[in-house]
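Engineer: Take a look at the letters that make up each chain.
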Amino acid sequence: MRKPEQTSRREFLGLAGGAAVLGAVPIVTVQPVEATQAMLATAIRNVVGEAVVRTGKVKLDVPPLVENGNTVPMTVSVQNPMTANDYVKSIHVFNEKNPQPNVGNFYLGPHAGRAQVSTRIRLADSQKVVAIARLSDDSFWSATVDVVVTLAACTEEVI
Amino acid sequence: MSVSRAIRVAVLLIAADIAASPLAAAEIPQDQRRSGYSFMTPDTQAMQDDDTANPGMLWVLDGEALWNSKAGAAGKACADCHGDARASMKGVAARYPAFDATLGRPVNLEQRINLCRVGHQQAAPLAFESRDLLALTAYLAEQSRGTAIEAGIDPQLEPFVAKGRELFMQRQGQLNLGCANCHDDNWDKRLAGSAITQAHPTGYPLYRLEWQSLGSLQRRLRSCISGIRAQAYDYGAPELVELELYLMSRARGMPIEAPAVRP
Amino acid sequence: MASALINVPKKAKRGDIIEIKTLMSHIMETGYRHTATGEVVPRDIITSFSCRYNGVEIFRADLFPAIAANPFITFFAVATESGKFDFEWIGDKGFTETASASISVE
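Quick note, the sequences are listed as chains A, B and C, same order. Sequential numbering from 1 applies to the first sequence in our numbering. Sequential numbering from 1001 applies to the second sequence in our numbering. Sequential numbering from 2001 applies to the third sequence in our numbering.
Everything labelled a hint here was simulated from the structure, so no lab data went into it. Heads up, a few of these hints could be off.
Cut-off 20 angstroms, straight-line C-alpha distance, at most; resulting in silico cross-link-like pairs (EDC-like, lysine to aspartate or glutamate) [as the list claims (entries may be wrong)]: (1) C:Lys-2093 - C:Glu-2029; (2) B:Lys-1090 - B:Asp-1154; (3) C:Lys-2021 - B:Asp-1051; (4) C:Lys-2021 - B:Asp-1154; (5) C:Lys-2021 - C:Asp-2086; (6) A:Lys-89 - C:Glu-2019; (7) C:Lys-2084 - C:Asp-2016; (8) A:Lys-59 - C:Glu-2019; (9) C:Lys-2010 - B:Asp-1051.
Next up, chain A with everything else stripped away, as it sits in the complex:
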């Protein structure tokens, strides 16, 4: 069943479409199903199983106020040696409110020298981002940050 605001938005867009469409079919984003806390918890459990996840060792660097949620720079690093016997196996990043809870999984090893990965992510709304690192001894460590995402003043439909 459609949410009322979705229906009315479609109608408005249909009316406005006549003025805005210039040949190409415009692409619009309607409100998708959001990842809930439960989806986030399940996604984390898929990675860690029943193991305890401790806070610490992991540093998650995301700007607290984001200019555009389409491209958010993110750096995740783990304070841990990267020796043959003691290293970071993988880093898993999750989000709270995008349609899907996973962001990326990064697999490292002693060859890495430093457990640090940077990338650019999409955040649909202001939300938490969670990073969980798995060490060579299969222990799990995590960090969480709160990010505020501002939307552009005029979101552009594809012209």
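Following the hints, put chains B and C in place on chain A, whose structure we already have.
Structural biologist: For chains B and C alone, coordinates are given in the frame of chain A:
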């Protein structure tokens, strides 16, 4: 942009007394001019500063490949006539839009590229906003990085600069706004979550995070004009070229920083 | 025309920890956008990225729609010997791209 957001923007602006006041038409004093770069957060600035991380450089790479590949019935590459772009194209983007004697009016860089393709390479023109045209434009603009803008100096361009200024000043659309309302009179304030810049096109073509792609100045202009709920001119329309020309001459002296990154 | 921007130091000393930066052009269509007529724009993303150093995998990533367009991925590696880094991107609709960079280690 959705109608609900347009209404919200209108309410914000009415509250800020912009729509009600007469056009202040206060041009920005020369020494207060600032590039859009200075309005961005440090993270976005960092994205622009690092050529190994600037997504716009992907188009520059493509443009370099296109520059060197043969095209059209004449089987010529741009390089066959123009040689190494690093030398021959340095400073070119800084003086566009430029007057075209045959057409008797200004043309922008994209149109110049197409005139060359059709006239000299006997190839089909590239569609506006196509990946190839964006790549070539980005490659050319990058050769002018650091060069001061000098568009609009040619006396033959005077009537077109004046026309562009008129277009910049005129109120239009359902929100009855002129470009100057925001970009001359209210820069450094905010429109919803976004900073209002002075609208100097120093970085075009640029990678806009909102687009998740590189795009031209005309794309940005069309998007702004739609944003104030006016009918946007078609790509390549004389009005858009005149606006581009006015904006570039208004930014005269400021250095090119293409391909820029903007939110 | 997919292109990649790779940044690997040309030279390093044995044991140095070097940063490798990669940028690949790709729309990363999320699969959550709709056209005005209501059809879903199908997902089209890079799903996996890997790096091999002289044939040995040293880094791998699973990417999801939450990774921004034109994926930018940086990571670190210990410079052990001269040779080649081979990069591979694999994604929806049979997308596959490779790139490589050489390094001289003394």
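Engineer: Please write out, lowest number first, the hints stated earlier that are contradicted by the structure.
Structural biologist: 4
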